[in-house]
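Undergrad: Each chain, written out:
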Amino acid sequence: MTLDHRLDAEYEELRRTVEQFAHDVVAPKIGEYYEQDEFPYEIVREMGRMGLFGLPFPEEYGGMGGDYFALCLALEELARVDSSVAITLEAGVSLGAMPIYRFGTDEQKRTWLPKLCSGEMLGAFGLTEPECGSDAGGTRTTARLDPETDEWVINGTKCFITNSGTDITGLVTVTAVTGRKPDGRPLISSIIVPSGTPGFTVAKKYSKVGWNASDTRELSFDDCRVPAANLLGEPGRGYAQFLRILDEGRIAISALATGLAQGCVDESVTYARTREAFGRPIGDNQAIQFKIADMEMRAHTARLAWRDAASRLLHEEPFKKEAALAKLYSSEIAVTNAREATQIHGGYGFMNEYPVARMWRDSKILEIGEGTSEVQRMLIARELGLTG
Amino acid sequence: MVVPACRDGRAHSVREVGLFPMKIVVCVKQVPDTESEKALRPEDLTLDREAVDAVMNEMDEFAVEEALQLAERTGGEVTVLLMGPEQGADTIRKALSMGADRALHVVDDALRGSDAVATSAVLAAALREVGFDLVLLGCEASDARTSLVPAMLAERLGLPQLTFAQKVETDGTEITVERLTDYGHDVVTARLPALVSVVEKINEPRYPTFKGIMAAKKKPVRTLDLSDLELDATEVGAAGAWSAVDDFTVRPPRAAGELVKDEGEGGRQLVAFLAGRKLV
Ligand SMILES: Cc1cc2nc3c(=O)[nH]c(=O)nc-3n(C[C@H](O)[C@H](O)[C@H](O)COP(=O)(O)OP(=O)(O)OC[C@H]3O[C@@H](n4cnc5c(N)ncnc54)[C@H](O)[C@@H]3O)c2cc1C
Ligand SMILES: Cc1cc2nc3c(=O)[nH]c(=O)nc-3n(C[C@H](O)[C@H](O)[C@H](O)COP(=O)(O)OP(=O)(O)OC[C@H]3O[C@@H](n4cnc5c(N)ncnc54)[C@H](O)[C@@H]3O)c2cc1C
Numbered sequence: 001m002t003l004d005h006r007l008d009a010e011y012e013e014l015r016r017t018v019e020q021f022a023h024d025v026v027a028p029k030i031g032e033y034y035e036q037d038e039f040p041y042e043i044v045r046e047m048g049r050m051g052l053f054g055l056p057f058p059e060e061y062g063g064m065g066g067d068y069f070a071l072c073l074a075l076e077e078l079a080r081v082d083s084s085v086a087i088t089l090e091a092g093v094s095l096g097a098m099p100i101y102r103f104g105t106d107e108q109k110r111t112w113l114p115k116l117c118s119g120e121m122l123g124a125f126g127l128t129e130p131e132c133g134s135d136a137g138g139t140r141t142t143a144r145l146d147p148e149t150d151e152w153v154i155n156g157t158k159c160f161i162t163n164s165g166t167d168i169t170g171l172v173t174v175t176a177v178t179g180r181k182p183d184g185r186p187l188i189s190s191i192i193v194p195s196g197t198p199g200f201t202v203a204k205k206y207s208k209v210g211w212n213a214s215d216t217r218e219l220s221f222d223d224c225r226v227p228a229a230n231l232l233g234e235p236g237r238g239y240a241q242f243l244r245i246l247d248e249g250r251i252a253i254s255a256l257a258t259g260l261a262q263g264c265v266d267e268s269v270t271y272a273r274t275r276e277a278f279g280r281p282i283g284d285n286q287a288i289q290f291k292i293a294d295m296e297m298r299a300h301t302a303r304l305a306w307r308d309a310a311s312r313l314l315h316e317e318p319f320k321k322e323a324a325l326a327k328l329y330s331s332e333i334a335v336t337n338a339r340e341a342t343q344i345h346g347g348y349g350f351m352n353e354y355p356v357a358r359m360w361r362d363s364k365i366l367e368i369g370e371g372t373s374e375v376q377r378m379l380i381a382r383e384l385g386l387t388g
Numbered sequence: 001m002v003v004p005a006c007r008d009g010r011a012h013s014v015r016e017v018g019l020f021p022m023k024i025v026v027c028v029k030q031v032p033d034t035e036s037e038k039a040l041r042p043e044d045l046t047l048d049r050e051a052v053d054a055v056m057n058e059m060d061e062f063a064v065e066e067a068l069q070l071a072e073r074t075g076g077e078v079t080v081l082l083m084g085p086e087q088g089a090d091t092i093r094k095a096l097s098m099g100a101d102r103a104l105h106v107v108d109d110a111l112r113g114s115d116a117v118a119t120s121a122v123l124a125a126a127l128r129e130v131g132f133d134l135v136l137l138g139c140e141a142s143d144a145r146t147s148l149v150p151a152m153l154a155e156r157l158g159l160p161q162l163t164f165a166q167k168v169e170t171d172g173t174e175i176t177v178e179r180l181t182d183y184g185h186d187v188v189t190a191r192l193p194a195l196v197s198v199v200e201k202i203n204e205p206r207y208p209t210f211k212g213i214m215a216a217k218k219k220p221v222r223t224l225d226l227s228d229l230e231l232d233a234t235e236v237g238a239a240g241a242w243s244a245v246d247d248f249t250v251r252p253p254r255a256a257g258e259l260v261k262d263e264g265e266g267g268r269q270l271v272a273f274l275a276g277r278k279l280v
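Residue numbers (the working numbering), protein chains in the order written: chain Y, 1 to 388; chain P, 1 to 280.
It should be emphasised that the hints constitute simulated quantities derived from the structure, not laboratory data.
Worth double-checking, as some hints may not be accurate.
Keeping only pairs whose Cα atoms sit at most 25 Å apart, straight-line, the calculated SDA-like set for lysine to any residue is [to be verified]:
1. P:K211 x Y:P114
2. P:K218 x Y:E383
3. P:K261 x Y:R275
4. P:K167 x Y:R275
5. P:K38 x Y:V269
6. Y:K204 x Y:A287
7. P:K211 x Y:V269
8. P:K201 x Y:M351
9. P:K219 x Y:M351
10. P:K211 x Y:S311
11. P:K211 x P:G75
12. P:K217 x Y:R6
13. P:K261 x Y:D67
Here are the in silico distance ranges between beta carbons for each label pair [stated by the list, open to error]:
14. Y:A277 x P:L45: 37 to 47 Å
15. P:D48 x Y:Q289: 23 to 33 Å
16. Y:D24 x P:R41: 42 to 52 Å
17. Y:N285 x P:P252: 50 to 60 Å
18. P:L270 x Y:G279: 26 to 36 Å
19. P:E200 x Y:D67: 53 to 63 Å
20. Y:A293 x P:V221: 22 to 32 Å
21. P:L270 x Y:A9: 43 to 53 Å
22. P:A233 x Y:N285: 50 to 60 Å
Backbone N, C-alpha and C fix where the C-beta goes; we use that ideal spot for every residue, glycine too.
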């Protein structure tokens with residue numbers, strides 16, 4: 001057995017590079033995008049140039065030849081500074097490109113991956129619908145194969161879809177009911193819908209509590225036709241496919257949540273040293289020191305949890321439970337750390353121009369997206385053999 | 001112009017365009033992170049380099065970027081040259097991750113305490129050893145900030161020196177730079193081989209990609225010591241230094257600024273303040 005707390009040199013170099021990028025490029029500019037509810041094209045382009053969108057993909061498809069662990073390291077470092085750019089990367093890679101890489105034909109990979117890897121194009125994954133989120137098997141969107149034109153005809157609505165309406169969005173992979181099993185249960189498939197396909201409409205941006213510089217939209221499909229060849233993977237395997245994608249995605253969200261939790265520590269340490277009250281820095285008070293020590297403890301533990309899950313994934317070991325544990329723990333402590341960091345910042349913590357205010361607003365969604373905390377607990381209990 | 005005698009025997013001044021790839025050597029220094037607190041060691045009044053994070057001299061990131069862009073445009077190859085202790089390997093790896101092809105690391109205990117004169121002697125010997133068509137440097141290191149190395153190095157190698165470049169263009173035979181000046185810029189042209197030092201305006205250094213980081217592990221790094229360069233230990237390091245630090249005082253804490261409250265006269269007060277310091 002090998003047990004080592006150190007990162008390999010190349011992972012550490014990647015981590016440091018992204019840390020520097022986040023500090024030099026993201027931090028000075030993101031506040032304004034966030035305030036204006038604007039997508040940070042300029043920063044995303046730079047992230048593309050750095051190869052972040054290609055991290056876990058092989059070089060033959062334009063990727064960086066890295067792995068999922070490398071992606072998670074980058075996500076953590078970005079989220080230490082800002083979650084909107086981190087979720088743009090997470091959704092672009094883990095939800096946008098990964099399904100095509102995992103389940104696509106060679107042709108589909110060659111068509112889409114090079115552009116997705118370079119960050120010139122963003123991909124999205126549309127699973128959630130107005131009437132079903134946690135219960136993804138309840139999908140109402142339908143796709144019917146028209147034998148005359150050899151096309152899928154898609155009808156339905158998807159909601160809360162990240163990266164689906166930017167100027168550089170190239171595709172949305174949607175889940176849809178394509179038939180029924182003999183027992184009447186739906187057969188769900190995944191289908192690639194290129195942006196701009198007639199019948200596919202992207203609504204205007206939601207007004208959100210957090211992640212304000214990330215793009216989230218409602219999508220509607222009204223007799224939207226795409227070639228039969230746009231089916232992703234085997235027909236009727238859509239459900240199993242997105243479960244796999246969501247299992248991995250939880251590790252990525254966990255890394256992102258860890259970054260937010262750590263960012264709260266970073267900001268609080270600096271502030272506690274410089275802000276004075278009663279004639280001395282507030283950080284000289286044990287009450288504040290203990291708060292920050294607890295925050296550091298939580299961030300550290302969350303990091304161990306996602307790294308453990310990621311390491312199992314890389315070694316092709318079962319990782320479902322560990323991914324759920326990591327996602328559940330890190331998202332809940334991200335909310336706690338953000339609340340405490342805001343408290344340490346006093347009134348300034350309630351001002352949008354302070355990074356901790358952004359972190360506070362950005363933290364809550366982590367307990368909801370890519371499987372709510374309740375869903376994670378259900379998964380963990382099921383893995384422990386509890387049913388019912 | 002003196003043609004430097006290069007040990008690889010290539011006669012640089014008659015290099016035919018396209019016959020050989022252009023050989024660019026970029027000199028890179030490892031310096032203490034400008035964001036960390038620096039201190040001199042009381043025993044010998046040299047910088048306590050162990051106490052601070054070491055990074056690539058920021059200006060040299062621009063030199064590396066320019067070297068890579070020139071190599072990409074002209075089909076050349078880029079060698080990184082660094083003089084410094086073992087830990088300089090981190091800085092070399094960063095330059096290789098950005099895309100440089102190979103590196104030369106001059107390491108020797110006797111180099112400790114080298115000043116600009118000694119540094120330029122060592123770099124000159126190393127450059128003769130590897131051969132080059134173009135030498136690129138940053139215009140200043142952020143720690144000692146003498147800006148002397150480029151000029152001294154050009155002098156030692158008998159190369160035309162094109163310093164403070166904000167733009168570089170070359171066809172492989174000649175090189176033209178825009179040289180930043182107080183009044184704008186000069187346009188300076190020289191034949192290769194030549195030496196160029198760059199300013200921050202010249203480009204935007206790339207961040208290494210993960211592919212670059214992985215590839216860097218397999219790139220050749222040659223390590224040389226003083227005997228490899230046939231240099232004498234008395235010519236370099238503290239022993240050969242022309243300058244020495246006798247004493248130092250810690251910079252006084254910054255004085256409180258002057259607060260101008262705008263009550264209708266704010267603009268005038270600001271101008272008066274700047275004019276009082278001869279800034280406008
Ligand atoms: C900003 C943002 C971005 C998003 N991006 C995407 C995206 O890119 N792609 C995508 O497909 N979706 C996306 N989503 C949707 C997100 O994944 C869902 O909102 C989430 O899965 C929860 O689904 P729901 O909103 O339908 O809640 P519901 O499923 O209606 O749940 C409501 C509440 O009931 C609880 N609950 C449900 N069932 C049970 C149960 N059996 N036992 C106990 N409690 C239960 C839930 O935990 C939750 O607390 C995004 C959402 C947001 C806000
Ligand atoms: C006050 C003071 C204190 C000093 N303390 C120390 C000390 O503690 N320890 C010590 O070793 N030296 C010390 N020095 C010496 C100083 O670090 C050297 O003089 C330096 O090697 C050359 O000058 P520079 O850093 O000003 O380079 P500059 O001339 O400003 O650098 C210009 C460019 O030259 C290149 N370059 C410079 N140095 C190297 C290198 N080593 N390898 C590759 N390329 C290079 C880079 O491209 C750089 O951008 C001190 C000098 C001063 C003035």
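Undergrad: Hint by hint, which ones does the structure fall short of?
TA: Hints 2, 4, 6, 7, 8, 9, 13, 16, 17, 19 and 20 are the ones this structure does not satisfy, whereas the remaining hints hold.
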